[in-house]
Structure formats: C-alpha cells, structure tokens
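**Student:** Go ahead and model the full structure; you've got the sequences and the hints to work with.
Protein chains: 2
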Amino acid sequence: MPGAEEKNVAIIGLGLLGASLGMALKQSQLHRWGWGRRSEVRNWCLEHDVIDSSAENVEDVIRQADLTVICLPIPAIIDFIKRYKQCFKPGSIVTDIGSDKGVIVSSGEAMLLPYGVHFVGSHPMAGTEKSGCQAAFPELYDNAEVFVTVTNNSCPEAVTAVESFWKQLKIAQVRRISPTVHDSLVAHTSHIEHLMALALTLAVLECDSDEEEALRYSGCATGFRDTSRIASSSPVMWREIIENNQAAVVDAARKCENIYHEIISSIENGDFDHFEQLFARGKFLRDQWMDYKKAQQEQRKK
Amino acid sequence: MPGAEEKNVAIIGLGLLGASLGMALKQSQLHRWGWGRRSEVRNWCLEHDVIDSSAENVEDVIRQADLTVICLPIPAIIDFIKRYKQCFKPGSIVTDIGSDKGVIVSSGEAMLLPYGVHFVGSHPMAGTEKSGCQAAFPELYDNAEVFVTVTNNSCPEAVTAVESFWKQLKIAQVRRISPTVHDSLVAHTSHIEHLMALALTLAVLECDSDEEEALRYSGCATGFRDTSRIASSSPVMWREIIENNQAAVVDAARKCENIYHEIISSIENGDFDHFEQLFARGKFLRDQWMDYKKAQQEQRKK
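Residue numbers (my numbering), protein chains in the order written: chain C, 1 to 302; chain R, 1 to 302.
Some hints could be false.
Since the list gives no way to pick out one identical chain from another, each pair is judged satisfied if it fits inside one copy or across any two copies.
Claimed, not checked - In silico lysine-lysine, DSS-like type, Cα no more than 27 Å apart, as pairs:
(1) Lys7 <-> Lys283
(2) Lys130 <-> Lys283
(3) Lys255 <-> Lys283
(4) Lys170 <-> Lys82
(5) Lys302 <-> Lys130
(6) Lys283 <-> Lys85
To be clear, the hints were calculated from the coordinates, so they are not data collected in a lab. Here the structure is a predicted model, which means the values were calculated and not measured.
**Tutor:** Next comes the structure, spelled out in structure tokens:
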C-alpha cells in the first residue's frame with residue numbers, strides 16, 4: 001500500500017522540471033533515482049548531485065520506485081506509461097507534471113490500474129522559458145501552486161501520498177481538483193493568454209513594408225512588451241498543451257473573443273460610456289485580484 | 001520667429017507628466033513657468049523647485065512663453081487652446097504631450113495659426129499607472145521615445161525647436177511623424193494592448209459562482225498577471241485616448257481580432273500543424289524584436 005513509508009522516488013525525464021525537482025529534493029529523506037534518455041544527461045545529473053542513482057535501462061529505475069514522477073512533455077508522458085506499464089512496482093504510485101490533466105489522468109488510470117499501480121496527476125505551476133537540465137535550479141518550485149487530481153478511481157491514500165510529496169518542497173499550496181475543472185481553469189488562466197499574446201504579436205509585428213516595420217520597432221512600448229511576453233514560449237510545447245486541452249481552450253477562447261468583440265463594437269459604435277463601464281469593471285476585478293495576491297504573499301512571509 | 005533663442009517655457013498642467021517635465025528641465029537654460037488649476041499644486045511645485053515661476057491667471061504665464069507645453073488630458077488640451085488661443089505670444093510655439101495626435105494637431109493648428117502661433121504636436125512615450133504632481137520624478141522621461149508631428153502646415157523652424165526642446169532631456173530619440181501615421185502606430189503598439197488586456201481580465205475574473213472565483217484566484221499565474229497588467233490603468237484616461245483615436249483603433253483591433261479568430265479556428269478544427277506554424281512565426285517575430293530592443297539599449301549605454 002502507498003503511504004508515508006515510501007523511500008525511493010524515480011524522476012523520469014531530467015529536463016528543466018525533472019532536474020530542478022531532483023535539486024529541490026536534496027534535503028528530503030528520499031533516495032532520488034533519475035533517468036533520462038541520454039547517458040550524458042544522466043551522468044551530468046549524477047555528477048552535479050541532482051539525483052543519487054541512475055541506470056541505463058529505465059525498467060531498473062522504476063521497478064524499485066515507491067513513487068515515480070514523470071517529467072516529460074505531454075505526449076511522451078502517455079507514451080511512457082503505455083510502454084512501461086508492466087514495469088512499475090505493484091502498489092506504487094505514478095504521478096506527472098503535465099499542464100493538461102484530463103487526457104493524462106484518464107489514460108494513466110486506465111493503463112496502470114490493471115497492474116495494481118496508482119496513478120494520480122499533478123500539475124505544479126512552475127517553469128521558465130528555458131529548457132534542459134543545465135537551466136535547472138533548486139528554487140524553481142518555490143511558491144508554486146500545485147494541483148493534484150482526484151477522480152472516482154483515485155485511491156485516497158495515493159492522493160494523500162502525492163500531496164505529501166509536493167509539500168516537502170517550498171511550494172505555496174497543494175490543491176485537490178478534478179481533471180475537468182483543472183483543464184478549464186488553466187485554459188482560462190494560462191492557455192488563452194498564450195493565444196492572445198500570439199494574436200497581438202502577429203497583428204503588431206507582421207508588417208506590409210520595411211517602413212512600417214521600422215516604425216513599429218521604434219514605437220513598441222512596455223504595453224506591447226509585457227502583453228506579448230509569453231508569445232516567446234516554445235511552439236512545440238504549446239502545440240502539445242493546446243492539442244491536449246482542445247475543448248476547454250476553445251470554450252475559454254470563444255468567451256474571451258466575444259468580450260473582445262463587444263469592446264471593439266462599443267468603440268466602433270461610439271458608445272464610449274459603455275466602453276468606460278467595461279474598463280472600470282475590468283480594473284476593479286484586476287485590482288481586487290492583485291490585492292488578494294499581495295495579501296497572500298505577505299501572509300506566506302510571516 | 002521661433003528658434004534656439006527661446007528662454008521661457010510654460011508648463012500647463014502640473015500632474016505626473018507636467019511636474020516631471022519641470023523636474024527634468026531643472027538643469028536646462030530655460031526659465032520654467034508652470035501653471036495648474038489649483039493654487040495648492042502651484043505652491044507645492046514652487047516649493048519643491050519643480051518650476052521657477054507661476055501666476056494665478058494662466059494668461060500671465062502663457063503670454064511670456066516662447067514655448068508652451070500643454071500637459072493636460074486630451075479633451076482638456078483642445079479646450080485649453082480654444083479658450084486661450086488669443087493669449088499666447090505671437091510667434092511662439094505651443095506643443096502638448098497627448099497620446100493621440102490627429103485630433104489635437106488639426107484643432108491646434110486651426111485655432112492657433114490665425115494668431116501667428118505655431119502648433120507642433122509631441123508625444124513622449126512616458127508615464128506610470130500613477131497620477132498627480134506628488135507621483136512625479138525627474139527620470140520619468142529618461143530613455144523615452146518622443147514623437148514630434150509634422151504636417152503641411154508646420155513651420156520647419158518650429159518643428160526643429162520642439163525637437164531641440166525634447167533633446168535636452170535624457171530621452172532615447174526624437175522621431176518626426178505625421179499625425180495619421182502616429183495614430184495608427186500607437187493604435188497597434190499601445191491602444192489594442194489595453195483592449196486585449198481588458199477582454200482577458202473580464203473573461204478570467206468575471207465568474208458565475210463564488211467557487212469558480214475562488215478557483216480562478218488560486219490558479220492565476222504569471223501569464224495572466226503580465227498579460228492583464230495594463231487593464232489596471234485609468235478607465236477615464238483610456239476612454240479619452242480611445243475616443244480620440246477611434247478609426248485607427250478599430251482598424252488595428254479588427255486586424256488583431258481576425259488573427260485571434262484564425263488561431264481559435266485552427267484549434268477548433270484540430271489543425272494543430274497550422275497552429276504550431278502561427279506560434280513559431282509569432283515567436284520568431286517577437287524574439288527578433290526583443291533582440292533589436294536589447295541591442296538598442298546596449299548601444300545607448302556606450
């Protein structure tokens with residue numbers, strides 16, 4: 001049975017998130033196994049005390065792990081479970097760090113439960129625009145919110161064990177959530193932000209002439225810089241994230257599109273009273289949210 | 001005739017932009033007249049060496065100014081010129097700091113040219129979310145891009161004099177521009193950013209239930225924070241800015257709306273190859289723009 005007695009953790013994938021997790025777990029009581037496809041990466045992580053042990057064959061790593069954390073891109077998480085489902089230690093727990101939960105959790109549960117292995121999805125809201133183990137650092141997860149999924153198939157002890165695992169780090173909080181609610185939430189608070197930043201970047205910087213481009217370059221201010229920042233993220237990674245959260249993203253994006261359309265129409269129709277009302281409401285909501293976030297940070301410092 | 005010999009500058013409006021301008025001009029050879037509607041503000045600015053002189057009646061300030069800089073909200077700039085057009089010193093120059101140029105420049109020229117006063121529009125891209133003279137600081141204009149307008153009615157010497165005026169500050173550069181090109185530029189690089197930030201804020205934080213709101217609060221990450229930042233700006237000020245740049249804003253906003261629509265449709269139709277291509281193009285354009293901005297900053301430091 002899973003529980004507090006687990007001793008071996010296996011980190012699968014030693015990129016930014018996996019290697020940073022190894023670093024952050026250094027002070028824990030866990031023996032840190034780690035595995036990545038390339039031997040250079042495994043050796044680098046062993047030499048830099050990111051992990052305690054490794055092996056050439058991943059089967060030798062996961063068969064002794066009480067908890068396996070799969071730190072791979074979303075399609076690779078599902079492929080990994082599919083390929084090695086019979087190699088995990090029976091009774092052990094498998095979790096992941098993927099940004100979408102519906103697709104991962106349903107396939108993870110379906111593939112692992114027949115082998116007596118518990119799957120519980122995790123989503124630590126942490127990351128940078130960089131990638132690879134050499135970009136890793138032990139503070140990556142500090143103050144992160146971590147979502148842990150619960151479904152009708154979840155073993156309560158396994159969920160608690162995954163929550164306890166994350167609480168060893170200096171994270172802000174762990175929050176239990178259903179995969180569906182999670183995916184709608186991140187569609188609103190992270191995914192559509194990337195779509196809007198992308199639309200804005202293309203609207204501003206895709207120019208018809210060199211003169212127009214030169215002008216746009218000179219005129220771009222902090223408003224554009226900040227609002228478009230996340231358009232500089234990885235296209236492949238964001239394709240995978242959006243592709244695996246299609247329905248929730250389309251839903252949230254259409255809602256935002258309708259509001260954007262209402263704003264533009266109020267301007268086109270010269271209804272500036274309505275425009276000002278919308279702006280005042282937006283400012284009120286955002287200022288209230290910022291106040292809440294600041295108060296939360298203050299409380300954590302105490 | 002206007003020229004390098006001007007000695008008296010009048011700053012009309014002693015809010016954030018006007019008072020900061022006074023502070024930044026302290027080391028200049030100009031005698032700094034300043035005027036604000038409230039006597040407390042005028043006295044505060046005199047006491048804090050923001051300006052050298054003031055007067056109760058604004059006529060007494062502008063009639064001796066070689067250059068008048070109107071630092072008021074957009075509708076107030078136009079109202080001020082209308083009301084005091086016969087009080088400016090003949091042959092002197094009037095400029096402003098408004099974010100829209102078409103409306104201001106056409107009315108400024110039409111009202112002042114009959115009195116032998118030159119109007120040249122300025123738009124220093126500087127500001128913070130705060131307002132009022134107590135929020136002013138002498139570095140506000142440091143590294144700002146300043147646009148100076150040129151039209152068929154412009155007196156070349158007056159344009160040069162306004163450019164020289166701004167070059168006394170530690171700004172990045174002065175760029176001559178037609179009011180129409182200016183207004184299209186800021187519609188793209190500043191105004192539609194505010195509309196998108198507003199749409200996003202309303203889509204994310206306007207919730208149907210308390211539970212949904214609590215969840216959104218916990219899930220909001222840096223992507224939302226940065227992309228929505230400018231939605232916390234002043235609704236009244238932004239109503240004025242958008243209202244006075246209606247056509248260019250609608251044009252730029254519709255362009256952005258079409259691209260956003262194309263992005264959502266590619267996701268809805270499952271055409272993720274196209275989505276990834278769009279994302280890669282956006283990332284390429286933004287990274288290129290960031291490299292250019294960084295190189296420009298490096299060059300300035302030398």
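**Student:** All hints, please: hold or fail.
**Tutor:** Okay, the hints, checked on the actual structure:
{"no.": "1", "hint": "Lys7 <-> Lys283", "in the structure": "neither (49 Å within a copy, 43 Å between copies)"}
{"no.": "2", "hint": "Lys130 <-> Lys283", "in the structure": "between (32 Å within a copy, 14 Å between copies)"}
{"no.": "3", "hint": "Lys255 <-> Lys283", "in the structure": "both (19 Å within a copy, 25 Å between copies)"}
{"no.": "4", "hint": "Lys170 <-> Lys82", "in the structure": "neither (32 Å within a copy, 61 Å between copies)"}
{"no.": "5", "hint": "Lys302 <-> Lys130", "in the structure": "neither (31 Å within a copy, 29 Å between copies)"}
{"no.": "6", "hint": "Lys283 <-> Lys85", "in the structure": "neither (49 Å within a copy, 37 Å between copies)"}
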